[in-house]
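In order, the protein sequence lines correspond to chains Y and L. If you count the first sequence from 1, position 298 lands on 298 in our numbering, and the numbers rise without skipping. Just remember that our numbering sits 298 ahead of the position in the second sequence, which is counted from 1.
Hints listed in this document are in silico derivations from the structure and should not be mistaken for laboratory results. No residue lacks a Cβ here, since even glycine has one placed at the ideal position from N, Cα and C. Among these hints, one or two may not hold up.
[Stated by the list, open to error] Derived, one-sided and incomplete: chain Y residues facing chain L with beta-carbon distance under 7 Å:
#1 S46
#2 P132
#3 E133
#4 L134
#5 L156
#6 K159
#7 F239
#8 R243
#9 G247
#10 Y264
#11 T265
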Amino acid sequence: MQKYKTSFIKGPALFVLPALVIYVLFLVIPLMGSIGFSFFRWSGISLNDLKFVGLQNYKTIFLQDPVFWRALLNNLIFVGGAIVFQCTIGLIVALLLEQRLLFRNFLRGTYFLPAVVSLTIIGIVFEILLNPELGVLKGLLGRIGLGYFANPSQWLSDKNKAIYVLLAIQVWYGFGWSMFIFVSGLKSINPELYEAATMDGATGAKKIVYITLPSLKGTYAVAILFATLWAMRVFELPFIITRGGPGHATEVLATWIYSKGFTYTRVGYGSALATILLIFGISLSFLIFRYTGMGKGE
Amino acid sequence: MKRRLLGVTIICVLGISLMLGTSSLGAQEITLSFWDRETAVTGPATEALIAGFEKENPNIHIEWRKVPYDQYDDLAKMAYLVGEGPDLGSVCSMYTTWELLEKGCIMDLTDWYREYGDRFPLAADPYIKSPGGVYCTIPLAMHTMKHIFYNVEILENYGIAVPMNSWGEFLEACETLKNQGVTPATMGAKEYAPCEHWWQMFLTETVGAAEINSMLYRKYPDKGPRWTDPGWIRSLKYFLELFQRGYISKEAVTIGWASSILPFTTGKVAFFFDGSWLAGMLPPEFNWGFFEFPHIIGELGYTRNDGVVAYMSQVQVAATAPRDAAFKFLEYWTRPENQKVRWEKVKEIPATIGAVDPKEFDPYTRACVEFAETCTGSYPWISAVLPPEVGLDALGNGYGSLITGETTIPELSKKLEEVHQRVLREE
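Work out the full structure: start from the sequences and follow the hints.
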């Protein structure tokens with residue numbers, strides 16, 4: 001039989017080309033455009049008033065913009081909350097749902113449900129629920145003995161607590177994704193390991209500690225990576241529920257980019273903020289890859 | 299065979315040319331795109347007007363697009379940037395409109411006003427002209443911001459008499475209500491409105507319309523009034539006092555305009571302050587009253603009758619729009635008999651002079667019109683005219699910071715002045 005060799009250009013490249021074109025058109029070019037705009041001052045109304053300012057936007061962001069630092073801190077709070085709470089709750093629920101339960105698949109679907117609903121809709125619903133006059137959470141929580149938590153809308157008006165209300169909603173939304181990732185990881189563990197452990201007299205807890213958790217090392221990395229990236233680009237919840245307020249207490253980088261770039265007509269400045277967000281996202285991803293060993297062969 | 303083929307080809311080409319030519323001989327069909335952000339209130343009136351216009355002008359079709367109010371400015375700016383701005387569009391921020399005019403994105407309407415300008419009073423000028431004196435928008439409604447709305451039943455139950463002759467009396471009434479367990483007032487402070495409306499009234503009292511206009515149209519960093527001047531600082535003190543005394547909950551920072559009206563209309567709150575558009579939005583069965591915003595004894599406004607008389611719901615025309623068709627639509631829309639539809643359908647005072655017989659006005663509308671006629675000084679919406687970084691960011695976010703204690707009045711005033719000076723220098 002004759003072997004037919006083909007070059008990359010004539011063969012696989014043709015199959016990759018359509019996706020590559022879309023990728024370049026809708027991601028790479030706008031990204032380059034945004035980075036380019038970051039060196040200009042521009043109101044976004046007419047291309048005739050683009051004014052080159054070099055690194056002035058970056059200088060102002062790092063040296064004269066306290067809201068940027070507040071937003072960055074809030075993003076890091078979301079990242080920390082995503083890693084600690086979202087992934088942990090996702091893992092616990094995934095482990096529980098691995099047991100032989102009657103409605104195991106139904107429960108999996110239910111816990112995953114928030115993740116398939118638009119965050120915009122979730123934001124609108126929680127905005128109504130948390131309304132101090134009309135929201136039901138206030139009365140409902142008080143009646144079931146959770147008096148301390150009976151007024152979450154009061155927390156929303158507290159500059160120190162508001163971000164944690166949004167974080168709680170984000171964790172509720174996102175833990176289903178983490179659970180989904182961990183369930184996939186659990187399915188890939190060789191069941192013979194558990195059989196061997198059972199023969200050796202291991203209890204359920206020991207199986208989890210010595211077999212399950214170590215086997216999920218690669219899965220943690222994926223779950224943490226996804227949770228971190230989503231947390232860095234959080235936008236809908238702060239924008240809809242609090243508009244970044246009170247003051248700028250719940251401002252995140254994405255909402256600050258939107259406000260500066262569109263509402264306050266400082267497109268160049270907004271582009272600079274977006275570029276910084278991109279660099280932070282890439283840096284965090286690099287750190288996660290490095291310290292979790294993701295992508296390395298075994 | 300070849301000759302036959304040639305003959306058939308020639309006949310086909312002639313036939314196609316004839317068809318194309320015939321189709322272009324008929325009256326030109328024109329479609330005008332119209333982006334409308336006001337549909338929540340004025341939708342029925344606009345629908346009726348468009349239908350009437352299309353009937354009168356069958357070759358002009360209006361493509362009416364309803365755009366959410368708070369997204370309009372951002373969407374419209376992007377559209378104009380890429381040359382896809384609507385032929386006709388609502389105006390949101392005057393500052394944005396002036397920028398669009400300067401950049402050649404919207405049309406100079408001076409020619410239109412030369413013919414139909416006498417339909418509007420002189421008081422409409424700040425809303426229809428740029429600071430450079432170029433006509434750029436057409437107003438459709440007149441609104442005032444001068445009266446506090448109140449729940450009649452609550453005030454009667456607690457023996458509170460209206461009208462109130464001074465701000466001190468209003469505060470006493472709020473104290474009485476608070477002691478009885480009734481929330482005196484509400485406002486939304488998540489966005490800049492309606493909390494800004496309250497603050498504007500205090501500013502009217504402490505500095506007056508003339509100085510407010512000087513600030514709004516300030517061109518030089520080192521000239522004109524300053525945000526740190528005593529009158530400007532005192533206005534913020536009066537504003538903050540409402541929260542410090544517990545007459546308005548600090549949770550106002552978590553609610554927007556639409557949510558803030560509900561406690562008032564559901565009988566949980568006694569007072570609400572907003573512009574005259576609110577009257578058309580209150581449920582028919584809701585028993586409400588009104589009185590003029592009380593003057594503050596000892597302040598400049600006590601001996602004056604300044605306030606906001608605004609010519610709003612403006613429409614602007616894209617520079618690329620079919621001019622004649624657009625002008626025709628604006629002429630139709632601003633005819634007194636057609637503007638009357640606005641009153642009949644949605645109870646908004648039309649901007650066109652003589653559109654409605656004053657005898658048809660209810661007591662509230664009559665009071666608004668009387669105020670407009672006797673007002674000693676007026677100014678436009680502050681956040682709509684100031685550069686966005688000053689009006690929407692520093693000031694708009696400043697209310698929330700002030701209410702939650704994140705910033706103090708002197709700090710906010712200083713920040714406003716610094717930002718305003720920086721923006722003026724950059725411009």
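Each hint, compared with the structure:
1. S46: 4 Å, holds
2. P132: 4 Å, holds
3. E133: 4 Å, holds
4. L134: 6 Å, holds
5. L156: 4 Å, holds
6. K159: 5 Å, holds
7. F239: Because about 11 Å separates F239(Y) from the closest Cβ in chain L, which is outside the 7 Å limit, the hint is violated.
8. R243: 5 Å, holds
9. G247: Holds, about 3 Å.
10. Y264: 4 Å, holds
11. T265: 6 Å, holds
Hint 7 from the earlier list is the only one contradicted by this structure; the remaining hints agree with it.
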